[in-house]
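If you want the building blocks of each chain, they are given just below.
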Amino acid sequence: MPHPLAGSSSEEAVGGDSTPSPDLLMARSFGDKDLILPNGGTPAGTSSPASSSSLLNRLQLDDDIDGETRDLFVIVDDPKKHVCTMETYITYRITTKSTRVEFDLPEYSVRRRYQDFDWLRSKLEESQPTHLIPPLPEKFVVKGVVDRFSEEFVETRRKALDKFLKRITDHPVLSFNEHFNVFLTAKDLNAYKKQGIALLTRMGESVKHVTGGYKLRTRPLEFAAIGDYLDTFALKLGTIDRIAQRIIKEEIEYLVELREYGPVYSTWSALEGELAEPLEGVSACIGNCSTALEELTDDMTEDFLPVLREYILYSDSMKSVLKKRDQVQAEYEAKLEAVALRKEDRPKVPADVEKCQDRMECFNADLKADMERWQNNKRQDFRQLLMGMADKNIQYYEKCLMAWESIIPLLQEKQEANGFQLVFIPWWSL
Amino acid sequence: MEQAPRDPERQLQPAPLEPLGCPDAGLGAAVGKEAAGAGEEDSGVDTMTHNNFWLKKIEISVSEAEKRTGRNAMNMQETYTAYLIETRSVEHTDGQSVLTDSLWRRYSEFELLRNYLLVYYPHIVVPPLPEKRAEFVWHKLSADNMDPDFVERRRIGLENFLLRIASHPILCRDKIFYLFLTQEGNWKETVNETGFQLKADSRLKALNATFRVKNPDKRFTDLKHYSDELQSVISHLLRVRARVADRLYGVYKVHGNYGRVFSEWSAIEKEMGDGLQSAGHHMDVYASSIDDILEDEEHYADQLKEYLFYAEALRAVCRKHELMQYDLEMAAQDLASKKQQCEELATGTVRTFSLKGMTTKLFGQETPEQREARIKVLEEQINEGEQQLKSKNLEGREFVKNAWADIKLCSHADQYVQKGNSSLDQC
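Top line first, the protein sequences correspond to chains C and U. Going by full-length UniProt numbering, the first sequence opens with residue 1, and the numbers climb by one from there. Going by full-length UniProt numbering, the second sequence opens with residue 1, and the numbers climb by one from there.
Any given hint could be a false lead.
Quick look at which bits of chain C chain U covers, simulated, 3 or more residues with Cβ under 8 Å [to be verified]: (1) 257 to 265; (2) 359 to 369.
Straight-line alpha carbon distances no greater than 25 Å define the calculated DSS-like cross-link-like pairs of lysine-lysine that follow [to be verified]: (3) U:Lys175 / U:Lys401; (4) U:Lys270 / C:Lys378; (5) U:Lys253 / C:Lys249; (6) U:Lys253 / C:Lys399; (7) U:Lys392 / U:Lys320; (8) C:Lys392 / U:Lys253; (9) C:Lys323 / C:Lys335; (10) U:Lys270 / C:Lys319; (11) C:Lys215 / C:Lys335; (12) U:Lys214 / U:Lys338; (13) C:Lys368 / U:Lys392; (14) U:Lys188 / U:Lys175; (15) C:Lys193 / C:Lys81; (16) U:Lys175 / U:Lys205; (17) C:Lys249 / C:Lys80; (18) C:Lys324 / C:Lys355; (19) C:Lys368 / C:Lys335; (20) C:Lys399 / C:Lys324.
Calculated from the structure, these hints are not laboratory results. Heads up, the beta-carbon is just placed ideally off N, CA and C, and yes, glycines get one too.
Bound-form chain U, shown alone (with noise of 0.2 Å):
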């Protein structure tokens, strides 16, 4: 192991302001400690850090890309893409934009951002990037990562993201985010720092409480039974979408053929030549107008993927709610059973055939010492198996309650980032 374990708890200090678990966390009390801690701040005009950062209107914005050579973690020479991200603040007075912070990143960086955030807030629906790989794609031209139109796309969807974390009222806060536009080097050692791989739930677990989990929220259930059907329904759409595109495609480009023939036709005319002649230019024209028409439509295809993605980090948070309630119902049952073992000790009735019952009829009786050392570590189990439940409830409950909200809040989160990438006002 190359780390020293840490403690988990400690973890999650320095990312999230409010820790999970805290009974009186809501949202609004959020926003209202931090307007209220807003004004206690001395909020110079020429110092950014970590805390007046959200006070000033910020402008993001993922301006450039530019291909890159470099050598991987293999040693090996690869191509890849590089975005730039600028940060402005706006002042209030003169609605000026100063340029605060800027650096490069690439797509690995962002993926990194956002699996940290998945691990560090479960309850929260993360907003998705833009896809690693081409997919669904019509033609073979749109699935290099390299081609222009490709990383243009990318670059949308990258701002996108950041935006809809920076619109958001509980990840715009996250230390790590604040990092990761403003420090440039040494960033992906500080995220690996806060060990949050170690914290992911495994799938294995997450799957196996998706089966035996008896009593999920309602809504949850259904959530997951409508963002799988979405899932799976925009899936067939583009699937389609894309061969219907490369079939138009064929349709316009084999009219690209009677461009030469028309031609070739109007030199043996003489009064029929200028305008055959006419007519092959058209056509010429027709079959090359495809190509913007559908890179036209493969922004709509980006529109429909989002769907995709915000259906699957959807599915994500009502995964992580039956795994916690599955987790409570566990510890439910293990509290329950050891109260019966104590009672059964306590009272001296063996109500239900147990090894200790059979072996006692065989070999005698224990001690009274023995027996209440059992029973005071049994009761010191059952207090502590109470403590947890009551916790893991209560765990369980204020991520019902804050998922709940956040769920909302994402139906009105694209409000934020379509009028355009300009000030956002702190949430």
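Chain C with its partners taken away, still in its complex shape (with noise of 0.2 Å):
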């Protein structure tokens, strides 16, 4: 059966950001679910068909997830502008296709705007604590320095929006919560978000009651590894996100200049008689040059920074479960500890001890298991940007080659024309 997403907007083919499994790489048969190619063909104008991210990112493969073949397809584009009396504001159209017996029907299309997706993930939060809850890209935007109605700027979100939705559905467990799919398939979701319907998994419910102010002794192993882990991940990609931004400031003064530069081929070809063409040809090749640098600089803060942005949330959210973990871990240990210190009810432990015992195994292996899916993810996703950012500045040095190298030749036949023999530009004659 062909991708049921193949029909879709090429900004999906192109954007490429669905989840790919750590199976991706493996030379493996599909089966009847072969690679297929979206649209049936290159999409135009993206990167070099040689570049091996350009790839991944125009082939959705059909990966299997737990054994399972896949049955849930969420798709978030065709970004809408509304204008009403109160306020303006952005809707994205979600589409979901799916197989499964939680959706009555096969198919789903509804608009949601951001606070929706905001609603949906302190929902997923409060019940799913003990799961890893994917980030949304950022909430708020300081008015007057990025125009939150941009083209750009609702493209990048719209990518962040669609990622955030993909991640959910690719999660065994999260991809079955109920307000995942009020969320998708309701018409109206404002009626529903009154209704205040808490509905709180077993865990949800149990984890809900965990009473603060217990103090935890020491972290287990494992869990300390993964904390410092995402401290120092956090603390380079902030220092990562740093340098990009300072590279592409200093690319938009280098970008300044160039365009100054340019023009004044153009003047001194003006004043020129044989050599005016070359010249001309000169101030040409830098516009070329300046335009490449352009779409280099847009791709850099478009695709690369929110990438980072989005790993430095998510790290932030982890480390927050990470600490929740602590506090069911820490009250469980109290009152282990406080039933041997009674020393009335040996052997028998109290129901509520084994409730503590019961909810704190539970949080570690979800929370084991999702660190290891998170672990995959971020390897193919930093995969992907790293080789993204490769790619993107390899094409601009083409552009580049390609705009010096047209002109070589108007070059080499005005110097055989004139008998010189000069490197760059031949000796001016009057």
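Take the two lone chains, each set in its own frame, and fit them into one complex as the hints suggest.
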């Protein structure tokens, strides 16, 4: 069966942020679920065919998750601006296709705005506290600095929201969450929100009642390691974000100078006779390089920086989950100690201590599984990100190279015509 | 005054072979004369004199640069760079080259040579020197005259300078130039003894002439405008290029910061570690690659500067033309008024109001003898004036002809230099 999203907009194909599984690069036959190129061909205007990351972008794999074939597909697209008396905002179309029994219809199409996503995320945190919930793109935007309705901003946000939903879709537990289902299907989400239905899972209910105030003595080694890792990871990403911003700033300043540089050759060419054409050629060449540079800085701003920030937010929310886990363990250990001191109920362990132990062990298991999944996805995401960055830079240099190579014949023929043997511009003649 | 006044005409003799103002001396004739002269000379293989210097193929190179310390005019310690100039003659028969002269010169001596040539050959577009101080620098380091890259580029520029003079049909035969290449000691004194500084035109005089001249040759006026505009656009180009280079440097160097952070990140990763480490290393390589790139670009900037300096030299020739033309016009004007005075005296008519006329009316006419005497003086002056005018006219025309020929030559001069510093056939 052809990929259900094959007919979707090419944005999806190019953005390509569907979460690839760790099996992505293994040579493996997929049976009747073959590697299919969406839209049946090379999307126009994308990166050079030779780069492998672009290939990754274009392939939509039907990957097996936990041995089951995929049966839920979600895509975010078609941003639209709504102007009302009170406010102006953007909605995005969410299209869902699924064969799961939890969905009444095989296909749904709804419109959601950012605050709906925000609501969904807090509901997920509430109801699935033992799991790592993916981050949303930043909520607040300083008005006046960034145009909330500019094409670039909206597109960047759309990609992030799409990624958010796909990560949930790929999660074996979160994707079955009731709130998520409603989010994808309900015609009137606001009515549902108002109902205030707290559909907590057993764990959610359980964790909700964990009293704070218990201090954990020592974090178990493996979770301490995760905590340390996340600390350093977020730190390094923060540094990379700062460096990337600085590079973009320097590139923009370089661009400003280039835009002044090119036209001077045109001015010069107006003074000359035979040299006019080559000089004009140089001017045009520099103009092309300027345009290529502008495309590079735009790409870096729109594709590279947001992903870094997303992962920093992700790390932060993960650290909160770790702390919650600590609390659960702390409560269990405290209660256990209290029982040990009481000596009365031995050897029978009281029910509530048992509940605490149960809670802790589930939490640990969920968290460990999520961490592993997260590590795999992180590897894929960063592979794609860094290779994309490399590709964009390569493309930039290729464009510049092409521009300069195209005027070399022009310069050379001028040289031969005048019998000169200079390397660059022939000597001016009156 | 330290020096006794010297006869300017005589001073012209030792330097160029043909004095200015010689009516039949055109370039073609000059070359022919030389060639004819060559046949008569005894070109002994081992004796290199001024006359047969150019009969052999000559190779000139500025091969080395060396840092020196010495005492300057104010007896203070200074550090400067000296350049080794080697001259080789190449035998026709076997193509072997023999080192004939080698001496060290510093930049100020090159400058002195050029200033001398500017004064004695005002109709020639004298090849430019590389810049005295680094201008249009994009990086503070490049402004240092002792920087090895700067010294190397200067060495190339000085070599080109000498080669261009050597390949110029007129300049190459200058004795002072010959001595520059061959006589290490006392050369400075020899140049100064020519008294060329006294012959230089004052800037003020030249400026005055530029404004007041009425009929300059249109070709020179057009040329002047062209060289002004060229200087302006190339200066602009060099300034912006420097800024572009500075910004590009910034872009590359900031990428270097990635090197360290990727390396640190790789330390906490298992599967990603190697890839990140490698990425960091490549960022370092990328960041350091800019130094060579920009150094290469400096050579391009040097070529642009050459255009700039040549435009300046061109401008100097135009200025000289305007000066000469102005002198000519002034002399003509002077002559015309003297002629008129003479006529008035001779015929006794006073066509225009004059003081003489007034005093005559008031105090009576002068005696015939007095009048005769005055007429005689005037006639002599007129004669002189006419002679002067004639010679100035001639000079002017000669200048225009030679200068124009030289400018045409300029367009092809670079062929000789760029073909490499190899044998220069005598012009």
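Each hint tested on the structure:
Counting residues of the segment 257 to 265 of chain C whose C-beta lies closer than 8 Å to any C-beta of chain U gives 6; at least three are required, and the coverage claim holds. By the rule of at least three residues with a Cβ nearer than 8 Å to a Cβ of chain U, the coverage given for the segment 359 to 369 of chain C is violated, with 0 such residues. Restraint check: the Cα-Cα separation between Lys175 (chain U) and Lys401 (chain U) comes to about 23 Å, which is no more than 25 Å; the hinted pair holds. At most 25 Å may separate the alpha-carbon atoms for a hinted pair to count; Lys270 (chain U) and Lys378 (chain C) meet this at roughly 12 Å.
Between Lys253 (chain U) and Lys249 (chain C) the CA atoms are separated by roughly 13 Å; this keeps the pair inside 25 Å, and the hint holds. At most 25 Å may separate the alpha-carbon atoms for a hinted pair to count; Lys253 (chain U) and Lys399 (chain C) meet this at roughly 22 Å. Note on Lys392 (chain U) and Lys320 (chain U): the hinted pairing holds, with a Cα-Cα distance of about 13 Å set against a maximum of 25 Å. For the suggested pair Lys392 (chain C) and Lys253 (chain U), the alpha carbons sit about 19 Å apart, so the restraint of at most 25 Å is met.
Restraint check: the Cα-Cα separation between Lys323 (chain C) and Lys335 (chain C) comes to about 18 Å, which is no more than 25 Å; the hinted pair holds. At most 25 Å may separate the alpha-carbon atoms for a hinted pair to count; Lys270 (chain U) and Lys319 (chain C) meet this at roughly 20 Å. For the hint pairing Lys215 (chain C) with Lys335 (chain C), the CA-to-CA distance comes to about 12 Å; that is within 25 Å, so the pair holds. Between Lys214 (chain U) and Lys338 (chain U) the CA atoms are separated by roughly 20 Å; this keeps the pair inside 25 Å, and the hint holds.
With a CA separation close to 102 Å, the supplied pair Lys368 (chain C) and Lys392 (chain U) exceeds the 25 Å bound. With a C-alpha separation of about 13 Å, the suggested pair Lys188 (chain U) and Lys175 (chain U) falls inside the 25 Å cut-off, and the hint holds. The straight-line distance between the Cα atoms of Lys193 (chain C) and Lys81 (chain C) is roughly 23 Å, inside the 25 Å bound, and the hint therefore holds. Between Lys175 (chain U) and Lys205 (chain U) the alpha-carbon distance is near 29 Å, which puts this suggested pair outside the 25 Å criterion.
Distance check on the hinted pair: Lys249 (chain C) and Lys80 (chain C) sit about 31 Å apart at the alpha-carbon level, beyond 25 Å; violated. Pair hint Lys324 (chain C) plus Lys355 (chain C) holds up; C-alpha atoms about 16 Å apart against a cutoff of 25 Å. At roughly 24 Å between alpha-carbon atoms, Lys368 (chain C) and Lys335 (chain C) fall within 25 Å of each other, so this suggested pair holds. For the given pair, Lys399 (chain C) sits about 51 Å from Lys324 (chain C) by alpha-carbon distance, which is inconsistent with the 25 Å threshold.
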